[in-house]
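S.K.: So the sequence lines, in the order shown, correspond to chains A and B. Residues in the first sequence are numbered from 1 upward in steps of one, following the working numbering. Residues in the second sequence are numbered from 111 upward in steps of one, following the working numbering.
FYI, nobody ran anything at the bench for these hints, they're computed from the structure. It is possible that some hints are incorrect.
Stated by the list, open to error - No more than 27 Å apart at the CA atoms, straight line, and that leaves these computed lysine-lysine pairs for DSSO-like:
#1 K97/A with K124/B
#2 K151/B with K107/A
#3 K97/A with K176/B
#4 K165/B with K151/B
#5 K174/B with K97/A
#6 K107/A with K130/B
#7 K3/A with K151/B
Okay, here's what each chain looks like letter by letter:
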Amino acid sequence: DAKTTQPTSMDCAEGRAANLPCNHSTISGNEYVYWYRQIHSQGPQYIIHGLKNNETNEMASLIITEDRKSSTLILPHATLRDTAVYYCIALLSGTYKYIFGTGTRLKVLA
Amino acid sequence: GAVVSQHPSRVICKSGTSVKIECRSLDFQATTMFWYRQFPKQSLMLMATSNEGSKATYEQGVEKDKFLINHASLTLSTLTVTSAHPEDSSFYICSASLDSSTNEKLFFGSGTQLSVL
Numbered sequence: 001d002a003k004t005t006q007p008t009s010m011d012c013a014e015g016r017a018a019n020l021p022c023n024h025s026t027i028s029g030n031e032y033v034y035w036y037r038q039i040h041s042q043g044p045q046y047i048i049h050g051l052k053n054n055e056t057n058e059m060a061s062l063i064i065t066e067d068r069k070s071s072t073l074i075l076p077h078a079t080l081r082d083t084a085v086y087y088c089i090a091l092l093s094g095t096y097k098y099i100f101g102t103g104t105r106l107k108v109l110a
Numbered sequence: 111g112a113v114v115s116q117h118p119s120r121v122i123c124k125s126g127t128s129v130k131i132e133c134r135s136l137d138f139q140a141t142t143m144f145w146y147r148q149f150p151k152q153s154l155m156l157m158a159t160s161n162e163g164s165k166a167t168y169e170q171g172v173e174k175d176k177f178l179i180n181h182a183s184l185t186l187s188t189l190t191v192t193s194a195h196p197e198d199s200s201f202y203i204c205s206a207s208l209d210s211s212t213n214e215k216l217f218f219g220s221g222t223q224l225s226v227l
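Required output: the full structure, derived from the provided sequences and hints.
M.R.: This is the structure in structure tokens:
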């Protein structure tokens, strides 16, 4: 599975969009990009995933660059409850052996 | 979505005792479950892959005799920390896949905080 790189931490003002980048420059054509988040002392929560097209659901949007070497998770209107560690994972199709990187610690400020 | 239940959520034990953690898929059958360990302010580290009806596959550096994994049914996997010591104190998390032939997401339990005195 491709290695992913994320900034260690980010702050975002409440109500503003939070844009979390992820670099996966060695991703292969059949590796998906998954995003999870972990709120303190809980298990990771699924957010969104995509292959090459941009994706949107009720939680977030995922923007994947045309060359697939990077992606951005967008929380359109961040709330205090979005404070968490966000993990970007590149995963081979049909496999579930997730290898977590260090993630980005997002702090939403009032 | 699918639910994975992990029990207990918190356990405190004396050094030298064994502790069993259960991971159940409540509304689906999981042929494969995964166990992770997480130390404070660190990322999740994959410990082992648990396959129903067969031996678990352990990641490099994880002692299989120390961390016993049993996946006796399609809805239950257990992790037993044998002869626990203070350095085993950690947050343990399980996850289960819904179907290995699709790209459905992996579902995680809520974790177990183990404290060894």
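S.K.: Any hints this thing doesn't respect? Which numbers, in order?
M.R.: 1, 4 and 6
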